[in-house]
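Novice: Residue strings, one per chain:
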Amino acid sequence: METLKSAFDFSDFPRLDISIAGIIAIFLLVFPLFSHSAFAMATMIQFLMFSVYGMGWNTIGGYGGQVDLGKAQYVGIGAYTTAVLLIRWNIPFWFSMPLGVCLAMAWSFIIGYPLFRLKGHYFAIATIATSLVLMDLFSVWEFVGAARGLEISPIKYHYPDFWRLIFKKDIYYYYVILGFFFVGILYVNGFRRSRLGFQLRSIRDNEEMASSLGINVHWAKIKTYAIATAFVSVVGSFHACYIKNIEPQDTMGLDLSILIALMAMLGGAGSLWGPIIGAAVLIPLKSYLKAWLGGAAGLAGIDLVIYAVIIMLISALEPRGIWGIVEKVRRRRWQ
Amino acid sequence: MKVYTRKIMTVMCLFAVVGILVPSGAWAVKEVKIGVIYPLTGGAAAAGRELRAGAELAAEIANNVMPDLPMAMAKNAGIKSLGGAKIKLIFKDHEGNPTLGADLAKKLILDDKVDGILGCYHSSVTKTVSAVCEQYGVPMINGSSTSPGLTQRGFKWFWRTTPHDKWFTKDLFELLKGLMEGKVRGVAKVPEKDLMNLASACENTEWGSHVSELIKDLAIVNYKEYGFKMKKSLLYAANSADLSSEVRSLKAARPDVMLFASYTSDAILLVKTLKAQRAQPKIIWGQDAGFEKPEFRETLGDSIQGILTRTVFLPKVVEIKKVAGQVNALYKAKTGNDLGGASARAFTGLQTWVYILEKAGSTKPAAIQAAANSIHISGKELVVPWAGIKFSTSGDELGQNVLGSGLIGQYQKEKDGSIGLEIVYPFDVASANMIYPFPKW
Amino acid sequence: MDILIGSLVAGVLIGMILALVALGLTIIFGVMDIVNFAHGEFLMIGMYTGLLTAQATGIDPLLTLPVAAMVGFLLGVICYYGFIKYLVRGPMVAQLLGTFGLMLFLRNLALLIFGSEDQALHRGILIGKSFDLGMGVIVPATKLAAALLSVIAFLAIWLLMNRTKTGKALTATALNARGARYMGIPTDRMNALAWGIGGASVTMAGALLVNFWSVNPFVGILFTMIAFAIVALGGFGSVPGAFFAGLVVGMIMEIPGIWDFLTYALNWDWMANVPMTSLKYTFVYLAYFIIMVLRPRGLFGWKR
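Residue numbers (this note's numbering), protein chains in the order written: chain A, 1 to 335; chain B, 1 to 441; chain C, 1 to 304.
Please note that the accuracy of each hint is not assured.
Unchecked claim - Sample of chain A residues at the chain C side, in silico, Cβ under 10 Å:
1. LEU103
2. SER131
3. TYR307
4. ALA308
5. ILE310
What the hints assert, rightly or not - The list that follows gives simulated cross-link-like pairs (lysine-lysine, DSSO-like), each with its CA atoms no further than 30 Å apart:
6. B:LYS189 to B:LYS88
7. A:LYS168 to B:LYS275
8. A:LYS169 to B:LYS88
9. C:LYS85 to A:LYS328
10. B:LYS413 to C:LYS85
11. B:LYS189 to B:LYS106
12. A:LYS169 to A:LYS156
13. A:LYS286 to B:LYS88
14. B:LYS183 to B:LYS415
15. A:LYS286 to B:LYS33
16. B:LYS86 to B:LYS156
17. B:LYS156 to B:LYS170
18. B:LYS106 to B:LYS156
19. A:LYS156 to B:LYS413
20. B:LYS166 to B:LYS30
21. B:LYS183 to B:LYS156
22. B:LYS106 to A:LYS168
23. A:LYS169 to B:LYS216
Stated by the list, open to error - Covered stretches of chain B, as calculated for chain A (at least 3 residues, CB under 8 Å):
24. 64 to 70
25. 168 to 178
26. 217 to 228
27. 349 to 358
28. 397 to 405
Simulated from the structure, these hints should not be mistaken for laboratory data.
We put the CB at the ideal spot given by N, CA and C, even for glycine.
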């Protein structure tokens with residue numbers, strides 16, 4: 001009960017933040033009711049998916065300061081669990097998703113235990129390595145379709161099928177992922193003021209000191225890593241039902257890992273709103289720039305060049321991301 | 001406060017951009033919109049250009065009157081049964097990415113309101129795009145993806161004009177059989193033990209891994225009595241920078257016949273590495289794709305003499321088929337290149353769309369579906385050397401053209417010193433003596 | 001037997017070449033303690049430099065090495081003064097983010113300029129030639145030359161680091177930047193120099209690689225990962241370590257060949273069906289992970 005209360009407790013934010021967040025939340029709720037293009041809808045779903053990925057990443061990467069560049073492996077575990085169970089045994093999403101989370105967390109414990117002996121860059125690169133190893137293994141594993149991947153056939157199910165999460169219209173998917181999005185915000189809000197949350201921030205700021213205060217540093221990191229994993233795995237399961245086709249390269253490639261981390265870091269690692277801001281800036285930028293400049297004008301790559309310049313500027317000028325700029329401006333105003 | 005206002009404005013603007021309504025545009029009355037999804041950028045961009053040019057040429061012919069072209073669609077401007085409606089192609093670029101392909105399909109169907117889809121070259125992308133089309137009940141014609149699985153999914157809105165890999169791979173084994181029985185033009189009967197040992201290297205994708213399975217299946221099951229042995233069948237990561245360990249592994253198996261399924265860059269790299277490693281099989285056979293692209297011939301030059309590739313179209317077809325020659329001339333005037341397997345099939349894909357629309361006399365999906373399921377296009381109309389186009393409507397392959405057929409070509413030196421493809425299979429249309437065994441590098 | 005020898009020889013050659021790729025990364029890391037995720041993109045730029053220079057001027061691709069080295073040096077120095085210098089003031093998260101941004105920037109700029117198609121060199125003194133060493137071992141001339149140049153480059157860098165004043169200043173900066181500054185060493189310039197040398201060595205490796213590998217804007221990341229593996233195995237910052245680790249990684253990449261040898265030697269059918277070739281890079285990543293966890297300093301590490 002106490003934890004639930006703390007999840008809904010946003011009182012330490014300025015009132016303005018809360019009102020903006022409220023407006024945005026209402027906008028997100030009613031957005032599908034306005035007339036919109038399928039493209040805008042797809043972009044919004046992408047934005048929500050990456051926000052949740054980012055929130056997951058933010059627990060370990062932002063509050064914990066452990067830069068994880070291998071999140072895609074858990075997207076893969078979630079997506080594959082859901083797809084395999086649905087295709088082979090017709091097990092609905094709402095059962096396979098928690099199972100996927102369990103599997104992903106189990107895997108995160110297995111590799112997390114040795115991984116967290118490493119620090120800084122070493123940890124970051126090692127997470128890439130584990131993610132790539134898992135991807136390579138999936139692409140030769142016949143049971144999960146190897147490189148061909150798995151397809152959730154659109155003709156086998158009657159839609160809308162809420163249990164299996166098979167819909168024709170994107171609007172249903174939108175509300176499902178929006179639900180996860182709100183739950184995610186509430187969870188992270190509770191998490192940041194939980195015991196583990198405070199432990200983690202002290203680890204980030206000074207590991208030796210945290211350890212001397214009696215915090216089990218290694219265990220705190222592993223636990224948080226598993227929490228981050230759960231977030232990512234849920235969206236992975238959703239991804240399987242939404243895209244209906246998963247392949248190792250597409251679902252758990254390095255690009256996805258990087259994108260997840262970049263968005264969270266760009267928005268502002270270690271703040272509640274950071275990953276959401278990051279996704280809100282980068283996802284529309286990416287899709288619309290691509291649509292306007294990429295395919296049509298034949299300027300393949302220009303979208304990502306602009307994207308990269310933004311990332312470089314932010315990282316050199318304001319390491320705490322966009323949220324860092326917001327806070328800086330705010331502090332200056334108060335002085 | 002100013003700062004906050006600005007912040008609110010920024011955030012609001014952002015969402016305004018996201019939620020912006022894309023108007024579907026004024027409805028042109030006499031227009032049939034076909035969404036075309038091809039890899040216009042990305043690793044297969046060269047193929048994408050060919051595909052696009054092929055489809056565009058077919059649309060030009062359909063939209064204009066070209067009386068001296070013996071094709072029904074050249075006789076009138078636009079679709080006659082739709083009151084002369086013109087074909088309008090909306091191109092989208094999938095970059096070889098299946099997820100992006102599915103997104104684009106949704107966009108075409110919902111935002112651009114296309115009447116049908118054509119595409120997508122990569123079998124993996126065709127898979128996701130056809131799934132979206134199936135869901136929305138929008139007809140899709142596929143002209144160039146050859147993974148057999150695509151038409152075995154029971155889809156009702158998906159038709160494929162090209163024959164698939166099972167037929168092509170069978171052709172290969174027919175050729176090997178022909179060599180053993182002395183049926184091949186210019187080659188004396190070859191003892192069975194000289195062609196027994198096979199090895200294959202296919203890219204590890206939807207398409208390549210299917211081909212690999214097929215080769216194994218056919219060698220061991222269907223053509224068992226010829227004693228084929230699958231010495232090695234390996235899958236390699238597509239777009240590899242280096243394939244030397246793969247080639248060494250193939251070579252170590254000492255095969256008589258090497259079989260490949262690769263896109264352009266890998267195909268070039270493979271042949272270069274085979275040459276550097278002095279691999280000396282008796283037959284090298286490529287499963288179309290990279291092995292029949294102009295780049296393959298241009299970059300490797302003389303060293304590809306003797307390499308076999310399956311295809312559905314090669315310039316020699318022009319000598320047998322008059323209509324192919326005429327279309328080829330138009331295509332050459334447009335692009336500077338001869339028609340190839342990719343462009344000819346894209347052309348045929350769009351041509352099939354035109355005939356189906358003509359027959360349907362409506363752009364209602366149900367009418368198009370009925371027309372597609374009952375259409376029969378004569379082989380005389382086509383540039384490709386097929387008996388015609390007629391889709392299967394029952395059995396385990398829905399929507400597969402049953403009248404298609406493949407060719408096997410061999411790179412040989414022409415009289416003018418350039419390298420060109422000669423037909424070696426089917427035996428009755430062979431255009432030259434086959435070079436056997438594969439010459440020393 | 002010839003399969004085994006063939007694989008081992010190929011492993012050694014490729015190992016030396018990969019070591020050269022990793023050399024730049026280890027120098028930069030050693031001096032500055034920053035991980036450059038754009039390393040593979042530097043290599044890609046080197047490959048394009050070699051390719052385009054050879055195509056434009058018609059000179060042999062081997063002669064493009066100095067051009068590539070110059071481009072690399074400039075690129076490294078510009079990156080340092082224009083970007084990295086500001087980046088290192090921030091926390092590690094920002095450094096990672098920044099070099100990632102650099103990676104994306106260079107990769108997509110290349111995509112914009114050169115297009116996504118693979119390009120390769122087809123003419124040159126060494127291209128297409130190979131030596132038959134007997135026993136079925138065939139060595140492509142290009143790879144042999146690249147391996148030799150790699151050894152020379154390593155010797156040169158090693159001499160620079162250990163026998164010259166500049167090298168000593170670099171080492172001092174690496175060991176203790178603040179101390180070095182107090183001693184009057186211009187650490188800023190030393191850092192720039194490290195980036196220059198690192199850039200030059202990797203673009204040179206690229207110009208060599210393009211003799212036998214094709215280039216597209218996306219080749220970078222594979223090499224970044226392999227270079228990371230080598231640098232980690234060799235110990236971050238260790239020059240000789242990088243060389244030996246390169247050889248180790250070369251051998252690991254030949255595991256499929258060794259597996260083939262065992263398959264034929266033992267004549268076990270099931271072994272032939274294991275998709276080893278698809279996993280050749282997997283072994284590299286796995287080795288990296290295992291070594292990092294068991295021995296975070298790497299096999300030959302010297303720095304803390």
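Novice: Three residues or more, CB to CB closer than 8 Å: is that satisfied between the segment 217 to 228 of chain B and chain A?
Specialist: The restraint on the segment 217 to 228 of chain B is violated, since only 0 of its residues have a Cβ under 8 Å from chain A and three are required.
Novice: Please check whether A:ILE310 passes as an interface residue: C-beta within 10 Å of a C-beta belonging to chain C.
Specialist: holds (8 Å)
Novice: Is the listed coverage of the segment 64 to 70 of chain B by chain A valid when you require three or more residues with a beta carbon under 8 Å from a beta carbon of that chain?
Specialist: violated (count 0)
Novice: B:LYS189 and B:LYS88 were given as a pair; does the straight-line alpha-carbon distance stay at or below 30 Å?
Specialist: Violated: B:LYS189 and B:LYS88 sit about 53 Å apart, past 30 Å.
Novice: Next item in the hint list is A:SER131. Is there a CB on chain C closer than 10 Å to its CB?
Specialist: holds (9 Å)
Novice: Would you check the hint for B:LYS413 and C:LYS85, treating anything up to 30 Å between C-alpha atoms as holding?
Specialist: Measuring from Cα to Cα gives roughly 59 Å; hence the hint is violated.
Novice: Holds or violated: A:LYS168 and B:LYS275, Cα atoms, limit 30 Å.
Specialist: violated (51 Å)
Novice: Check the hint pairing B:LYS183 with B:LYS156 against an upper bound of 30 Å on the C-alpha distance.
Specialist: The given pair, whose Cα atoms are some 41 Å apart, is violated under the 30 Å limit.
Novice: Do the numbers back the hint for A:LEU103, that is, is its least Cβ distance to chain C under 10 Å?
Specialist: violated (20 Å)
Novice: Quickly compare the C-alpha distance for A:LYS169 and A:LYS156 to 30 Å and report which way the hint goes.
Specialist: holds (16 Å)
Novice: Given the hinted pair B:LYS86 and B:LYS156, is their Cα-Cα distance within 30 Å?
Specialist: holds (26 Å)
Novice: Grab the minimum C-beta distance from A:ALA308 to chain C and call the hint holds if it beats 10 Å, violated otherwise.
Specialist: Check passed: Cβ of A:ALA308 comes within 4 Å of chain C, closer than 10 Å.
Of the hints listed earlier, those the structure fails to meet are numbers 1, 6, 7, 10, 11, 19, 20, 21, 23, 24, 25, 26, 27, 28, in rising order.
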